[in-house]
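Note that the protein sequences, when read in sequence, are chains A and B. Sequential numbering of the first sequence, starting at 1, is according to this note's numbering. Sequential numbering of the second sequence, starting at 1, is according to this note's numbering.
In case anyone wonders, no lab produced these hints; they're calculated from the structure. Idealized CB from N, CA, C, for every residue including glycine. Treat the hints with care, as some may be off.
[Said to hold, decoys possible] To give a feel for the contact side, a few chain B residues facing chain A, derived at Cβ under 7 Å:
no., residue
1, Ile-53
2, Gly-65
3, Tyr-79
4, Tyr-87
5, Lys-88
6, Gln-101
7, Ala-223
8, Phe-274
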Amino acid sequence: MNKTLLIIKREYLSRVKKKTFILSTVLTPLFFVLLITGVTYISVQDVDQEKIAVVDRSGLFKGNLENTKALTFEFPAGVDTSNYDDKGYSAVLFTPKDSLSNYQLFSKKQLGVFAASQVENQINKVVENNLLKEKYRISSKDIDTIRKQASEAKVDKFYGERAEVKKGNSGLAYGIGYGAGFLIYITLFIYGTMVMRGVMEEKVSRIAEVMVSSVKPFQLMLGKIIGIGAVGLTQFLIWIVLIVGLFSAASAFLSPETMQQAGEASQQMNGQSAMAAKAAAGFNISESLSGVNWFLIIGCFLFYFLFGYLFYAALFAAVGSAVNEDPQDAQSLMLPITMPIIIAIMLMIKAVTSPASSMATWASMIPFFSPIVMMARIPFGVPGTVPYWQLITSMLLLVGGFLLTTWVSAKIYRTGILMYGKKASWKEMWKWAFRKA
Amino acid sequence: MSTILELQHLKKYYATQKAVDDISFNINSGSIFGLLGPNGAGKTTLLRMITGIFYPDSGQILFDGKKFDPLNDVQLIGYMPEERGLYKKMKIGEQAVYLAQLKGMSKADAIEKIKFWFTKFEMQSWWNKKVEDLSKGMQQKLQFVITVLHEPKLIILDEPFSGLDPLNANLIKDEIHRLAQNGSTIIFSTHRMEQVEEICDHIVLVNLGRKILDGTVDQVKQAHKQNLFSIKFDQPILPEHLATYLFEVKKTKGNELILQKHAEFTNNDILQYFLGKGLTINAFNEILPSLNEIFIRLVENTNATARAFQPVA
């Protein structure tokens, strides 16, 4: 059997068979799914039932406040701040006579953000209805109809050349771009350092010299990089299968109404939590999901993951070969490699908000940043936001960059793995890389 | 006898020093060859060139009569570096199979050979253990087995006995002899001279990147002998017996005399001289220098040790 293949096999199997690999591969998606399902479930199920007594001094509200799952409004007589909780109410609401200002809500415990905002929304709506009725003589039935019609007007976003217009969803593209960029960022770190530690282990345990008396240092380095890359791909594949499987199971567990509620609830909240709930409810928006070119995105993701990994893994291997026993040395030598990755993630965060900007375009061409930045742009549309020429140039440059870093790293590696004593400086490594022979 | 390895004017210069500076020698197949030298003399660099890890800056290596081709010839070489190394977390059996496969053996052959050697060295129970669970001496034995597993034509052992107890050292020593008898050539690098005298057929001494000695153990000793003799008489020696121009007295002790013969005279001249004095000789021996003495004499006063502390590359 080919020697490089033997090395790949060992590097792969020795990692895949480890308990920590099996655990992290199975538990990570399980944890992820449980977290999201749990958050969704709790946000829907675990709403405190608040019974609110309304002291309606304006007389506008009786019959106009809707009871929801979380809130029940009642209009009992003889309730005030001193006795509402004795009578079984969690809060008491006082409405002013003029109906415009100075609404007061008293409760023993502070009302939840969700419930409080619902109370406020309902009051606003009643006041608004009332004003419309008084000033323009519109019946509340008409108002409801108007509201309903208005909310049905949605904007369909189209993009692309005139010939083949596609339906777009920039929110979804943002989510996918952000997620894919971030995933590549994390994996570059995880698997890059795995390569570095592997090289260090070989050097510290002195097996390197035994190995290079059988194989060329380049074969050893390449075998390690490819083997660990295969571990990464395996992990991804298992994750994708598990996450999709578990989510289908979870969405069966959470009934469609729950999903719907989660979606509604999210509209009333704002910020991050709304995003999470939306993501959970996302399985209902299959219509917009089908508008996404999954084939292209997954294909590009695998390409950028693979070559981004290869590009950086060679550099991590070179650093590993220059380090000795002390992990502290690794930290300082790693900095020049980790810096571009961190810069890339910052560029990516910019790029998802303006994917066609010149900064995003340039960053997605440079091999140091392209695996992360380009992945943030692709979901916005190829060839709409990202013309074909840009995608192809970016890919070619990345492949070229990978060949270059591997070539340079191989030379550093060859000298480094047989050097003992103090750690090498960047200056020395530079010399190893560019001297003759 | 055929030559397995020919080194011709090998040179390897690092930035700050000449690690190997024009070294040539031949090694006969089936011999046990000792490569000697103080620390930092260039032995490891030389061995790394022979194992194809380094390329010489100039000069060439002929392996089995043909130009050394690292890509294919490494299959025929077994190298046990001074810094032993194995994957600490890998199971021993698996590891041995893996390393043998990298030397071009098939998996089935490798397993068969490993079983053979493990039985021979009573290591059968180690198969599923990890290297980190072994003592240093046990690791050493394992490393030796892995080095010779693929039946290399040329076996290079760098300090093979360090860390071994006398029993295991003998075990390995016997194996080295057996391998040589079966036609393998062994290069043996060490600074333990008593082992060299015991084992090696042929030695080369390097110092400061240059070859300073080359020959069989006996040739080397003959070349460096200092005409020292020990003579035993049946009675104590008296000062008047020793007044002669034939030799210089080094030491007297009771009935025994140690002398240094002046080079222009023969052994017989000395014997005749004592017989002429009417003394009875019980024993007459030439004292050959030990390799250790020769080594120290040749290496001392060069800046060998100073050089060992210079940074390499």
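Here's how the hints hold up against the structure:
1. Restraint check, B/Ile-53 versus chain A: the minimum CB separation of about 5 Å is within 7 Å; hint holds.
2. Annotation: B/Gly-65 was flagged as interfacial toward chain A, and the flag is violated, the nearest CB pair being 22 Å apart, outside 7 Å.
3. Because the smallest distance between the Cβ of B/Tyr-79 and any Cβ of chain A comes to about 4 Å, under 7 Å, the interface hint for this residue holds.
4. The closest approach between the C-beta of B/Tyr-87 and any C-beta of chain A is roughly 6 Å, which is under the 7 Å cut-off, so the hint is satisfied.
5. The criterion of a C-beta within 7 Å of any C-beta in chain A is met by B/Lys-88, whose closest approach is roughly 5 Å, and the hint holds.
6. Among the interface hints, the one on B/Gln-101 holds; its C-beta lies about 5 Å from the nearest C-beta in chain A, closer than the 7 Å criterion.
7. Taking 7 Å as the C-beta cut-off, the interface hint given for B/Ala-223 is violated, the closest approach to chain A being about 34 Å.
8. The closest approach between the C-beta of B/Phe-274 and any C-beta of chain A is roughly 58 Å, which is over the 7 Å cut-off, so the hint fails.
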